[in-house]
Each structure stands twice: as structure tokens, then as C-alpha cells.
Amino acid sequence: MSGKAFLVDTTKCSGCRSCQVACKQWNNLPGEKTTFFAGPEYTNPAELSAITFNHVKFFPIDRSYPDKPLWTIMHKKCYHCEQANCLRACPVEAISKQNGWVVIDQSKCIGCGACENECIYKVPHVLGEDLKKYGSEQPLEKDKSYKCHACTVNKRKMPACAFHCPTGALTYGDRGMLLKKAKARVIQVSADYPHVMLYGEDQFGGLGVLTILKDLPEKYGLPLRPKPIDIKKAEAIRDTYHLLALFTFGLPSLKRVAYKISRSMVG
Amino acid sequence: MTNHWIDIKNADVIFIIGSNAAENHPISFRWVLKAMEDRGAKLIVIDPRYTKSASLASLYAPIRPGTDIAFLNGIISYALENSRIQKEYVLEYTNASYLVSPDFAFNDGLFSGYDPGKRNYGDRKTWAYQADANKLPKRDKSLKDPNCVYQLMKKHYGRYTPEKVEAITGCPKNVFIKVADLFTSTCKPDQVATIMYAMGITQHTVGTQNVRALAILQLLMGNMGLAGGGINALRGESNVQGSTDHGLLFHIIPGYLPAPSAKDHPTLEAYNKTTPQTADPMSINWWSNRTKYLVSMLKAWFGDAATTKNDFCYNWLPKFGKPSPFILLFEDMLKGVIKGAFYMGTNPVVGSPNANRAAQAMEKLDWLVAADLWETDSSIFWKRPGANPKAIKTEVFLLPAAASMEKEGSISNSGRWAQWRYKAVNPPGKAKSDLDIIDLVFKEVRSLYNKEGGKLPDPILKANWSYIPEDGHEASPHLVAKEINGYTWQTKDQMGTFMDLKDDGSTACGNWIYCGSYPGPGKNLMARRGADDAPNNIGMFPEWAWCWPLNRRIIYNRAAVNRMGEPWAPDRWVVKWTGGTWKGDIVDGGPKFGPDQKNPFIMNNEGVGRLFAVGKALTDGPFTEHYEPMETPTRNIMNSQKVNPASVIINEVAGQFGNVGQYPYVATSYRVVEHWQAGAMTRNLTWLTELVPDMFCEISPTLAAAKGIKNGDRVAIYNARGRIKAYALVTERVQPLKVNGRMVELVGMIWHFGPGCAATGDACNQLTPSIGDANTMIPEFKAFLVDIRKEA
Chain A
1 MSGKAFLVDT TKCSGCRSCQ VACKQWNNLP GEKTTFFAGP EYTNPAELSA ITFNHVKFFP
61 IDRSYPDKPL WTIMHKKCYH CEQANCLRAC PVEAISKQNG WVVIDQSKCI GCGACENECI
121 YKVPHVLGED LKKYGSEQPL EKDKSYKCHA CTVNKRKMPA CAFHCPTGAL TYGDRGMLLK
181 KAKARVIQVS ADYPHVMLYG EDQFGGLGVL TILKDLPEKY GLPLRPKPID IKKAEAIRDT
241 YHLLALFTFG LPSLKRVAYK ISRSMVG
Chain B
1001 MTNHWIDIKN ADVIFIIGSN AAENHPISFR WVLKAMEDRG AKLIVIDPRY TKSASLASLY
1061 APIRPGTDIA FLNGIISYAL ENSRIQKEYV LEYTNASYLV SPDFAFNDGL FSGYDPGKRN
1121 YGDRKTWAYQ ADANKLPKRD KSLKDPNCVY QLMKKHYGRY TPEKVEAITG CPKNVFIKVA
1181 DLFTSTCKPD QVATIMYAMG ITQHTVGTQN VRALAILQLL MGNMGLAGGG INALRGESNV
1241 QGSTDHGLLF HIIPGYLPAP SAKDHPTLEA YNKTTPQTAD PMSINWWSNR TKYLVSMLKA
1301 WFGDAATTKN DFCYNWLPKF GKPSPFILLF EDMLKGVIKG AFYMGTNPVV GSPNANRAAQ
1361 AMEKLDWLVA ADLWETDSSI FWKRPGANPK AIKTEVFLLP AAASMEKEGS ISNSGRWAQW
1421 RYKAVNPPGK AKSDLDIIDL VFKEVRSLYN KEGGKLPDPI LKANWSYIPE DGHEASPHLV
1481 AKEINGYTWQ TKDQMGTFMD LKDDGSTACG NWIYCGSYPG PGKNLMARRG ADDAPNNIGM
1541 FPEWAWCWPL NRRIIYNRAA VNRMGEPWAP DRWVVKWTGG TWKGDIVDGG PKFGPDQKNP
1601 FIMNNEGVGR LFAVGKALTD GPFTEHYEPM ETPTRNIMNS QKVNPASVII NEVAGQFGNV
1661 GQYPYVATSY RVVEHWQAGA MTRNLTWLTE LVPDMFCEIS PTLAAAKGIK NGDRVAIYNA
1721 RGRIKAYALV TERVQPLKVN GRMVELVGMI WHFGPGCAAT GDACNQLTPS IGDANTMIPE
1781 FKAFLVDIRK EA
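For the protein sequence lines, the chains are A and B, in the order given.
For the first sequence, my numbering assigns the number 1 to the initial residue and increments by one for each residue that follows.
For the second sequence, my numbering assigns the number 1001 to the initial residue and increments by one for each residue that follows.
Bound conformation, chain B alone (with noise of 0.2 angstroms):
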């Protein structure tokens, strides 16, 4: 979230889209319903069943799985045509007014640079500003320029027309226009709209660009940086965002940091020459820092032995060789590359992508540990339905874990507050928190390493590893937080900015966001319960927990106000600029520079918001384009590409992928309040299975009379990758939609159940296809084809 839950009652207009907040973040709707009684904010919801969230929404729209860049590039259309965008802001704050490349070019659903043998925009030097002799990028302020941002985007957005509109999503067209009114509404500078989305939004092969397209839609109403506005990740679990702060996926490294891959960065120096530059004093570019957050962070790593003569054991920092995404490394598995797999907080014969295949690759490996608190249905999984116990070589190991009760630490919510929390009980038995099984597992490794020696022992053996207190014999999480927040380290001072952090080896710092979170000793900041509000008096509550970065509560906060400094929604201000200083939340960039020195948008290097994306930030595509999902029901109008051209497609599932023909249904999947994830935690609590006891699917009253289903029945849903048994539920919920002249019928599936812990059930993932996002591999769990027949 660039601002966080709490602030979700400052909005006018809450738009929901790819989340089922109600159901998947109940907490959620404290504040919109806040919003919507005190403020007489409005709630629009947009999603293709009506749900619960539909069900307290004063707009609810409906839209075919995979069509949300149909349509939000339509209300992006919508604002261009009617003038209903925020201009000052547009003009001030986005690129709006700089001039593109003549070279580049979009055709037929193609960006320039494009290459079809390869499927991949790999020259992408047509996606640049045109420079003008300072290195500055031209612009033009009146907006006329055939080749600004603005008349680029009136030529490619104008084509989403409101009948279009209607003919890929199925959305009656008066209803979008309803939904396109009332959002645009927030262009006047003082009316804010938040945005709320989850992995309706994310699991797409256009799962970026779907984000990139709420993200042009907010900069145009001029929403980002205010109260009650802002681009706002439901994060699906308590921790993703901590997860991810600390470097989870596989392109980065904690703090966002780009993880180095051994072709492009295999020295420090070759790291470095890709840190962002500018020429402009306009832009605080704050990623020119990165090397110094890069090297604080090996000198917290590897300690003394980090040394300017030796670029900090760069050397020693793991390097990739090519992207490991979830579906990769599982492909992987299946050829015997890795052969050995660690699972801690994961149950992938559940929640991988196509989970037979995913649950077909574990029986390839030697061994597997599972760190769970009781058997989940991955750590039994061989011997799953349809398995053969026999045949199966794998070694299995169950660790005991703690669970979140048992055991003390922060978690980050979606709002990036840091919040720490304390050990209610002891953990039964030897069941031992993760960060106590890693500390074993890593000192029994370095103690093999002393003793038998292997390859590059030297990281492991030289790792700056030391987390057990004086006084304690578990590894302290104390102690990770003093570190992850970062100390100096001649005195081994605690640091309280990231601003102090150096690229001389004299700090260390294990994530440079978290620097300040612990400033002293004794000053666990997130472990901070203030309830008083700051005098802004907008929720922000800056003396509970701890925020990244700096605690600032809403980022991109300087955009929250004019040249002027003079906030653009006065009666629920951010921050604003009064005698030459900054009043209300810490503001973004450094308190040094007024408002007309310095652009809002620190992380960009032109230091604006990004309505056509430069460089080389995404792999397919300046401007948001509709794709049609990997398996559609339908062709696409927009142009003459099926699938995002940029996506990568596995040829050994190539043959798995369904046509309308074969399987005449969209499928998605989602989530239900009663269970959790991948329903290892709330499949054994009787109280949940009382609530939802089995595998079910939502269909429409029309589908089950065309198959003979009722309420209640069994069915069987089924494609190339599975088939499964479910139980129907038939509801007016779900109402076929009407796509390029045909009634498309949908199945919902939820994607708790295996085979695996007390209520068991199919597992939807069976069904769900072995492809993802062009940008991040996010798996398309989110739109598919089955068909769908009732069971005798």
C-alpha cells in the first residue's frame, strides 16, 4: 500500500477491483464502511461475481475474468476524452507533458522493439524521452506535441471506447459509464478516490500492466500521495509485505535492491553502472544511493570480512543465472535440476499452479523438510491420491514450527507497518520458531563445511552470523532486528536513518527501508503502542508500531500538495509547506527542499509520475494494452495478438493449454473468510469446517439448468491438467455475461481444499495453467477454461 488501512475512511470514492476485501480482508471494511457513513463516500466494486463486497457497494460492476486492462483503459479514455483528469497535477507531477522517441511506435497491438522468434521486447530504446542538449527530456506544456505522453495516450487509449468496452469484459456499457463517471469525479484536486486491489489484479499474464493501468488511472485524478487515496496491495497474508520487504521474490534483494544475475553483474562495479542517473535538479532520484544501501547490507552480512580491497564479498553474493519463479523452479524439480527443497509456510500440492504436474516434480526429489505445524497436504504428498507410496524415493522430514503465537517478531502489514509482537505460549513439544530452525540448520551446515570442507565454503564460513543473546540459548529476534535496521560498525551504534548509511564499509545495514526501525537500544519502535494521532488528525497514528521508510505513513506524500506547497485536499491534509518547513507527515525526499524544488515521485529518476513507462522497468509495454488471457473463451478486438506477447510460455506445457472448444467455461479462483490460503491451518478447526466443509464452485442458474446441475449436486470440473469433484453451489450471484455476442458462463472455484489435514476436498489447483505475468511470473490462477458436468 503506498498508504495504508486506517486511511482508507479519508476517501470519496473507494474502487474496488481484483479484491473480495469483505470477504479476503474483513478489517478492510471497518474503514470503508467508515468512509461511506461519515464521509458519504462511495463504494464501487468491480468484479465477476457479485460478492461480498458487491453486496455493500453503491456500483457494482461485472467484468469477465482477465479483462481488467479493457476495462480501466476505458475510464482512462473516459477521463482523456471529458477532460476529467486533476491537469495541474497531470502537468506538474507526470510525464504527461514529456516528448517520446519518434522511433517509437505501437501497432497492431505490438510496442516497437519487439521480437517475435525470441517473444520479448529486448531493444526497448524506442521507450525514451527525447533529450534535450543537457540531457534534460524535452516536454511540452501546452500538451499539442503529436509525441508527448498526453497525445500518445489520447491516440492509444482513445480506441477503448465504451461499446468495446462492453464487447471483452461483458459489462453492460451503461453500467461502465456509471463506474467511469463516479470514479473521474475525483479529478477535482479535493476529491480523492483509493484504490483497493489483491490477486484479482495480480495473477494475470498482464498481472503489471493491470497494475501499471490503476496506477495511470490514480496519477491522472491526481490521487496519489494524498489521504484517502493511493495505490493499496491487499497483501494475502499478515507478513507478505515483510516477506517481500526482505527480498522473497526472486528479482530482488532485501530493500528492493535488483538481485544481481551473474551475466550482467558479475562485479561490483558492473552492479553499479546500472544505478538510475539524472541530469535533472528537478529529481531527488533516490535510487542513486542504492550502492551504498547494497554495500551496508554485505557489511552486515559478512562482516569483517567485507572490505573496500575486496568490493565487500560481492563475489560471495549469490548471483542468478536465470529467473527462478515459482512455476520454473517447479519445472525444475520435474527434470531433477534441484533436487532437495525447503519448505517453510508453503504447501504447493495445494497452491502451486497446476498441482498435479507441481506435485508430480516433488516425487523427483531426494528430500524434502517441511517446517509446518502439524502434515500439510505437500508433506504427505506422496501419498496423495492416485500416488504411489512405493515408487516414491523422496526422503520427507517434518520439522515441528512454532506458530505465530509461539513465538515473537515483527510482522509487516500491507500499510508497511511493522509491528512487533510478543510469544503468547511456548511452543508444544520441541516445535521451534523459523528463525530458531534456520539458526541450527545454518551452524550445522557451517560445522559440516568447517569439517569436510566443499565448494566456496567462505560465505558460509566467514558469514557474519551471531543471533544468540548473552543470556539466551534461542536465536533472538532482537537481535535480526538490530541488524536489519543497521549499526555502525567501528562503535556498533544502532543508525536511526537510512540516510547515514555509507558505501565505505563503515555501516551495516541488512535492509535499508528498516533503518531506523530500532533506532537504540531498548528503541524497538515497532514494538511503539501511541494511540494519538498527529494534528493532520487523518488516522495516521505515527507513535503506533513503525512504518518504512522513515515512518512515513503515506508515500509519495509531496504530491499531496501544489508548487505552493499548499495541500490539494486542505480538510484531510498530508503534509504541507508553512515558513520554509514541512508540518504533518515526514515527507518524502528529505525535509530540505520546498515543494517547486523538487519533484514528488522520489523513486523515478525523472522524479515524476510514469503515465508512459521509460527504460526498461517493464518487459511488455510502455502504455497498458488488453491481452486475452492464456486460455480465453473469446478472440481479441483490440488487436491481433491472443495472449501478451511478452509472456513467457513453457513448451513443455504448451500442449495443456485449452481451447473454448474443448472447454467451454472461464474459470477463477478465490478465497473464502473461513479458510486460510492453502487451508493447512483452518482444514483441522471444526468451527471453520462447520462453515465451509469441502471443495465447492459457484455457478450461474442458467449454467446448472444447461448441465442438469442443482444446489448441492457433485460435479465434476475438468480440463488438460485435472479434473476435480466439487460441490455446486447454483446462485444468482453469477450471471452469464455477454462477450463479443455470446453468453459466456463462468465457474468460481475456492482453492482451500487437498488432500491432505481433517476436512479434505480437491484442490482447484489441479486445473489452474502453468503460466504467468510477462513481467513477475505471477502464475494465471485468475482466468482459465473448464468444462463442467454434474457427477452420477
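One chain only, chain A, in its complex shape (with noise of 0.2 angstroms):
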């Protein structure tokens, strides 16, 4: 895997959520509407949603450490795998690699949840609802997979949210000059965070998005040996959708149950 990428750095993240504003801002995505925190300490929303890009989770803090409580905070977007589940997955070829990202071609999309089926990270959200007047290049649309496209859609320099960082807790470049720095990183802090390590050199092939965590990947649902999809498994899959998709009328949820039931055939 070469060319660009992000690196998390969860030891340099004050949890300010500019990253989490901004994408908002520069992709014209509304607000949710919350009640209260929906996930742990100040986490809101719980999950990445079709509105919501990338969020900072905040985990509750862990005082096994006595000297040290630990507290993480880490930027989560869509990892843009190398060898991404959503794009094995999905059976229009709505999803395809862009200068390396992963992004969805919501004028392809069908709206059959593949995508959302098939991420472990649970990133691609369907919308269910028109949301017209949002969305940055094209309204956004019920029924149309939605997540992080990295900012190529609206052609920016540096995606929003790298940009705001304000402590250089989430930067953005060379992928192989972020690997050196994060290595580095990982040894300077290494008396701090006795189970620092690296997220993402070879997960699926290679995430777009590295990140080091303060503690073991597990403690933040991050499985360290992920299997990808087996592309042999994802073609079946999408042969039996196309046929089961013969009956479904066209209409997106019907289209949901065909995926949901092509895959289990498919075993």
C-alpha cells in the first residue's frame, strides 16, 4: 500500500472534536439530534451514521493503572482498507478505490446494505431518510450508502478534519513517512503507555487510517487479526443477490433482505 493516509495519534488527542465539527462544516452534513451523551463519557452520536462522517469516542477511563489512569480519545472515520470489505461486497460496483480511498459512488448505489453488512468497523450507513438540502456536491439521498470519502468528493487540499486538528493528533500524508513517524512515536511513549502499539500497517492489507493506541486494540473493538472477506465468498454472494434482486420490486428495503439472505446461503 503506498500513497496518502491518516495517522491517529490517541497520545496527542484532547478530545476537542474539531475533527468531528469540521467534517460536518466542509460536507454540509446536518447535526444529529441528541437528548444526552449516546455513548460512553462525552461520545455523541454513539456511532458513525450517513450523516456522520467520522466522531471522537471517548472511552471510560481505565485506573488499573495507578500512577497513571488512562483515558483514551480517538478520531474514528472509515479505515479505507486495502482490501476493503464494502467494495468486495457491494454488487453494483458502486464502491471503488479513489487515488487509494475507498469511496461509494452514491449515483451507482442501490441502497442494499452490503457495505454496512460487510464493515467490521460498522462505517458505511444507508440513509433512510432525503435529507435534500445537505450534502456537499449532491443532495443527500434516502436510501444511498454514505461514510468518509477522505474529502476527495469535495477536492481539498487536506481533508477537513486532518486540517483542524489543533494538537497534531490526527495528520495527514505520505503513508510510508507516517509509518516511520508513528513507529517513533510508538517507542518514545512506550514508558508512558506500556501497551502502546500501532493499528493499522496490515489490517486488511493496510489501513488508510493508522492509529496508535494508548492500550491493546481489543480494549477499543479493534480486532488485531481481522480476516477480509474472501473475494471467491463476495462473488458468490453477489451472484445469488442478483438473482434474489429479481424480486424485489426495486424497493431498497426489499433489496436489504435479498443481501441479508444471499449471504447466509452463501454460508
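Hints were generated in silico from the structure; no laboratory data involved.
Note that the structure is a prediction, hence the values are computed from the model and not measured.
Some hints could be false.
[As the list claims (entries may be wrong)] With a cut-off of at most 25 angstroms between alpha-carbon atoms, the simulated PhoX-like pairs for lysine-lysine come out as follows:
| hint | chain 1 | residue 1 | chain 2 | residue 2 |
| --- | --- | --- | --- | --- |
| 1 | B | K1710 | A | K219 |
| 2 | A | K180 | B | K1319 |
| 3 | B | K1462 | B | K1502 |
| 4 | B | K1319 | B | K1502 |
| 5 | B | K1144 | B | K1155 |
| 6 | A | K68 | B | K1738 |
| 7 | A | K68 | B | K1042 |
| 8 | A | K33 | B | K1725 |
| 9 | B | K1173 | A | K68 |
| 10 | B | K1642 | B | K1173 |
[To be verified] What follows is a list of derived Cβ distance ranges for each label pair:
| hint | chain 1 | residue 1 | chain 2 | residue 2 | range |
| --- | --- | --- | --- | --- | --- |
| 11 | A | N154 | B | G1579 | 37 to 45 angstroms |
| 12 | A | T35 | B | A1654 | 37 to 45 angstroms |
| 13 | B | G1661 | A | Q188 | 33 to 41 angstroms |
| 14 | A | F163 | B | A1705 | 39 to 47 angstroms |
| 15 | A | G176 | B | M1405 | 50 to 58 angstroms |
| 16 | B | G1708 | A | T35 | 18 to 26 angstroms |
| 17 | A | K122 | B | A1705 | 44 to 52 angstroms |
| 18 | A | D62 | B | G1661 | 34 to 42 angstroms |
[Said to hold, decoys possible] To spell it out: a stretch of chain A is covered by chain B in this simulated footprint if at least three of its residues, at any positions, have a beta carbon under 8 angstroms from a beta carbon of chain B; those stretches are:
| hint | stretch |
| --- | --- |
| 19 | 9 to 21 |
| 20 | 161 to 171 |
In this text, a Cβ means the ideal position worked out from N, Cα and C, and glycines have one as well.
Join the two chains, each given in its own frame, into one complex according to the hints.
Dropping the structure here:
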């Protein structure tokens, strides 16, 4: 894997959520309606959605290190996998690689939810309502899948989230350089964080978002050795789906059922 | 800030107390983290809660709200007991060796001169140095004289043992010692600590003394004047520094000149009699120039009318009859003394202490003018929940104001950098800039005086007021900036330095500390964007914008070198004296004196840093002493005074103060990054209300369990001043602290919400007390008592 990437350094994140707000502004996305914090600590909303392309996850404080309580605050968005499940699963090739980034073309998207089902990081989401006054290039439409496109759609020199990070916790640049930087940083902070590690170098063939974690990845719901969906299997699911799709009458809700059935049929 | 934001990167130790900078000053953490990454700097965070700042700290210490002095005095004691001070600096640049009057005394929490009837130190004569025949302070450089400041300190601060610190603050002794040890590691001449603080330090009945304790520490460590050092107040709004510089507070007029009092300074002569004096040839005593600054300001304000014969219209300068801090203004409003109010950039229904009382006071107004971007909680105070609009006679005017991007002008950041901003878009509709609003109102008032006359019309009719450029029809911020900078009266030439200001009416200057910011036509130095660093390469960027005074980036920088002029920290030198000239930053006190000729703390009349605060600078004591907050969960174990004995207690609200029997939990207030101050600018923005949608409090799992409260429950929080509802965030980040043998729980609250704007919520300040610091009357927002229960 080469080209550009993001580096999320949780040992530098102060949780200001500039990334989350900047993304909404630059991509013209609506705020979500919340009443209280939907996730742990200040996390809001709890997960990514079709109108929230990145968010900041605040994990509960860990007091098991007596001298230094551990509070992890982590920017999360699409990891832009090299071997992306969503891309492999999409039955209509609406998802493609653009300069190394995994991008959904909503004009091709049929709202079947394959991407939503297959992403182990729970990133893409099919929008449940029309929100036509929002969206940067194209209005947001019901039954289309949305997620972070690394600002390739709204054509910025640097993606909004990284541009607005005040502390250097989220940076953007050449992946090789970032890897080097990240590895040096891991060594530098290892005395402060005994289990510090870099996530994303190899997972799914290499992620476009590298993350320096203060503790073991499992703690953050990030599997150390995830298995990408098998290409043959993905092909079989797609073929089954195309057969079943004949009976969906173009209705996205039935398409989603059809996708789920195809998946269970292939097993 | 004595230093500036970028300079934080030069620190070896970063000490954050009374501030959650990661949350409220997010950009500061760029420099904090840079110091940690590039220099291996250590970050100490002291806070009642484990905050976002704490999450990035090398060392975190919990502390009960309102006990900062006990903690800081403990570090002072640790430094003195273990000889962890920068001795040469302390000897040369502080008053450690100065002998104090033998009549000075301290007994059971009271310094000499206290008047219990009046609750003040009316007589501060004993807070003085012993003088020799030449009127110079007597000194003992061996530091052995029992009356020298150093020995008095050992006696006073020696009482603050780690055990006492633990009992008062709740911070475990071993953690306290780690903090004390790490901080005092910067007593080495080439090791530097910076102190970052904010409202958690100032908003207490002992707020000024809290800052004093920080200043004493930095003097003992030899950290003042150095790169990566200093006392750094993180200002809560982008231009608070500018508004303070220009006389926002009740006790000062522009440029930190004392506000004249009707009783003490009826004439210019009487005012000038209070000009600081010195007989010490080593002292620059900069305030000896004060008259020049006042006269030049009067000349700028009153122009041709200001002459030598009429004392430059000193009579026209408003003088205070009594101090008028925020709390007392609202008390006067409640009494009907104040009949009308202008609100510009303020929202007291949310931001005022004892906010229910403030809102009731507003009901007594005949009229209220609010200049705002849109309706705020305060401009619709008459229809807030519980109010009866029919019973409120106040006539309210809403003037549409321009937002920051819709107007041009300067803003001064915490680091004293005045930075020019441009207008990005025109304001919508009929909205106008604040400057334009003030200009139009002034002219209307003047025309009414012209037509109808009135009491004392001259200051209005003869004011030198002309801010409309020849080719324009709106008031120009450039013309205001030029007046602030100053000019020669005859030739109208812009001036380059306040050293040229005169007390004879030949110069006019709106604010002496800004003299040099706009030194010629088209030479607006605040608009500079030069991105090259100075040769000392410490991040001063002297050609980026302009900073007062005289573009000096680090003040008290004479203290950055020893008496030979050699930098204490050569790897990040600020100034140095070589071959009879100064190099580096603009040196304090003028370049002609070498380091061995003058003392570095030029704003004190003895020229050295005051470990012992002599004279009348402070109302409540020359040393820092622990007193409990007005509302406290425990007794004071250091002395038998409960609260700061010099704090002003307003009789009318005394009945509202609660005790621990009624309200068992310590409460404190703070902000989150997603909302801005009283919230009027952010609670209408869905991108932000998505993140923090409503009022919430933070409590520990133990308090939650005791009260049957679960995360996300609605709770009621109450005391004698009010009752509010909030969501409960139950978090391990809040922990009870053991104080004087008893566990004390905390209820932390944000204060951004109110009844107006799109996202509404109850205002924390309905619960905060009407009492303030003994010197400044800043309200005690940060430590009070409440009870909490789950809402059915």
C-alpha cells in the first residue's frame, strides 16, 4: 500500500472534536438530534452514521494503572482498507478506490446495505430519509450509502478533519512517512503507555488510517487480525444477490433483505 | 500572559492548575505537546476532575475546589525546606533579603492591621520594609535576619506540611510530593517551568492570592522572564486581554492606570500624589511615568478643551464613589439605583453569579438595550421560565450587532499580541459593528445635549470624537487604533513609543501600552504577518502582529539573565548583554541600562519581585494563606478564620449561604470545548448541540450509587439560591476526596445553558453565590455547596 494516509495519535488527542465538526461543515452534513451523550463519557453520537462521517470516541477511564489513569480519546472514521470488505461486497460496483481511498458513488448505489453488513468497523450507513438541503456536491438521498471519502468528493488539498486538528493528533500525509513517524512515536511514549501499539499497518492489507493506541486494540473494539471477506465468497454472494434482486421490485427495503438472504445462503 | 502561546514549547515543566486548557484552550495543547515531544517536557495537571488535560499529563493530582493555596503553599514550603530554589535569582531579583517592619505580625490567619468591625485591613502600615537613612529598604543578603522576607516565609510557609496539604486538599501526600518534586526541579538556573492558569484559580474569594502563590513559586524557581516560563493567564475569550488593557474592569482605566476615586483623587494633583516613588538608583520604577500617560489620555479624549490651566479636564473624568464590580452592579439594579443598562457581549441570565437574583434585578430596569447577534437568554429575560411578562415593565431594545467575521479591528490574545482582523463579509440586514453602534449612540446623545442641555454637558459636547473617515460613512477602526497609539498634538504625527509621551498636553494617546502599534500612516503593525523568527529562535516571531509593550514578547525579560547579562538558560535565551548592548527581545525598561545597573521587575517601585507584598497592592495580606471558600464542606485547619477575612460579604445575600449540613456536596463550574461562554453563540448551532445537547453535571460512581442515580438520569441540583435540572454523567473521572478524615463528593457542572436560544437547559449559575475575591470581587464560581437528587 502506498500513497496518502491519516495518522491518528491518541497520545496527543485532547478530544476537542474539531475533526467531527469540520467534517460536518465542509461536507454540509446535518447535526444529529441527541438528548444526552449517546456513548461512553462525551461520545456523541454513539456510532458513525450516514450523516456522521467521523466522530470522537471517548472510552471509559481505566484506573488499573494506579499512577496514571488511562483515558483514551480516539478519532474514528472509515479506515479505507486496502482489501475493503465493502468494496468487495458491493453488488453494483458503486464502491471503488479513488487515489487509494475507498469511495462510494451514490449515483450507482442501490441501497442494498451490503457495505453496511460487511464492514467490521461499522462505517458505511444507508441513509433512511431524504435530506436534500444537505450534502456537498450532491444532495443527500434516502437509500444511498454514505461514509467518509477522505474529502476526495469536495476536493480539498487536505481533508477537513486533519486540517482542523489543533494538537497534531490527526495528521495527513505520505503513508510511508507517517508509518515511520508512528513507529518512532510508539517507542517514544512506551514508558508512559506500556501496551502502546500501532494499529493499521497490516490489517485488511493495510489501512489508510493508522492509529497509535494507548492500550491493546481489543480494548477499543479493534480486532488485531481481522479476516477480509474472501474474494470468491464475495463473488458468490453477489451472484446470489443478483438472482434474488429480481424479486425486490426496486424496493430498497427488500434489497436489504435480499442481501442478507444471499449472504446466509452462501454461508 | 507574561509570555505567549508559542513560548509554552520552550518549557521543561508545564504546570496547569485551575485550567482545563485542553478543553478550553485547545490550541495551547499544540505547544504543550510539542514541548513534551521535542524537549521531553513533563506536564503536571492539578484539577478536581480527571479532565482532558489530565488525560495527556505526565502527572495528575486531584484537589478539592477552593484549596489551591494550601496546595501551592505546600510546594513553596517544600522548596524552602529542601533548598530547591534558584538562590542567585532569589537574592538578586526578589525581596527575599529585604527586611520587613518588626511590627508586621501574623497570628491565627490574620495579618497585622486587621479591623474586624470593618472586615478589612484598613491599616497596612506594617506591611512595609525597614528603611535606612537614605530611604532605601534594609537588606540582609545572608538571609539570616529574622525579619527578612526569606525568614518570614520559612516561618509562614513551614506550616504547610505535606500532611496538612493532604488533609485540606484531599490530594494524597505521595502524589503531592511527586508534584512538588517535579515542579521544583526547575530551580536549576537552566530548567524552566511555565504555569498556565485560568478561572479555576481566579474565581474564588482568594482568587488574587491564588495568583500570588503562583507568582511566588515562579520567583523562587527563577522562572520569571525566561523563555518557557512565566505566569500565563489563559484568557477566557479571544479579546479579554484587549478589553482588560482598555479599562474594562472597575478599578482601572486604559493602560492599567488606577481608576480615580471621588474621595481620594478629587484633583489631578491628588491623583499624582499617589504616583509610585523610589529612592533606589537600581530601580527603574516605570510607574513614575504615570502622569504622562494619564495626561496624554485626557488629551486624546478631550482635545483642545484639555489644557494645562484646567488640569487637562481631569474634572471631567468619571470618578467612582464606591467600587462597582459585577455583583454590586446587580445589587444596585435590584435596589432600583441603576435604571437602565446596555448589554454588549454579555448574557447575565446565564453568566452572572446567583443568576436568579440577577434576572430579578433586571426586572427593576426601566430599559435595557441589548446589542446582540440574535435574541439571547438575557434579552428575553422577561419571558424566562417562572417570570410573569405582564408584571415586568422593562422596555427592551435589541440592536442587531455584527459578528466577529463581519467587522474589522484588532483583537489582543492572551499573549498580548494585538492582531488585526479583516471583515470577511458584510453584516446581515441592518446589523452594525459595536464600534458603529457606539459611535451612533454617542452622536445621538451629544445632539440631545445640544438641543436639551443637561447636567455636566461639557464632557459630551467637547469630547474629541471623530472616527468617520473623509471617504466613509461608518466609524473606522483605523482611526480609533491611531488614537489609541497616540500622536503629537501639534503636528498630528503618529508616535512610535510611549517613552516620548509628555505630561504637558503636547501628546495625545488613548492607551499608553499600545503606543507603537500604529506608528505612522499605513503602518499598522498589528496587521503584520512576518513569519520569520528572531535570531534567538525561541518562537517569538517579532514581525507577526504587534505585542504590548513595545513589541516585547516576554515581559520581565531582564530577569532572563544574571547580573553579568548571561542568560540563565543559554539554549533558549531571550535577551543577553554583550559588548554594552542588549540582543534578542526588546529589553524591559529601556536598552541603555546594563543588567548590573537596574533591577528587572520594573513595575514595582523597588524593582524586584515581591515574595512579600508590601504596601497597599493587596487588600488581604502580604503572604498567601489558606482560607476555606464561603461555602465549605469542612473547617479550616490552618487558622480559625473560616473564609478570607477581607472578602466583602453583602448583607442582603448572607442568608443564602449554605452549610454542609444542608448541602453536603462541593460544586464547581466549568466549560466544555463545544460551547462558548454563556452559550448564546453556540446553542443555535446544530453541529455543536449534537455534541453537547443539554445541561449536564458530572458525579462519581460512589455518589451516584449513594443517590440511586444512573448515567443519563435526570437529576435536580439545588441550594438556597436555586434549583436546576440536569442530566447526570456518572464517571470514574470524578472521585471523592478524603478531606479532614471525611470523604467529600463533587458535583461538577457546565455553565453554558440557559432558557433562550435553540438548545435550552438550566443555568448552573442559578446556584453560584454572590461573593467575590477580596481584591477584585470576581465571583466565587468555582467552589460552593449543593445537594443533588434523582428526578422522579
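(request) If any of the earlier hints don't hold here, list their numbers in rising order. (result) Hint check: 2, 11, 13, 15, 17 fail, others pass.
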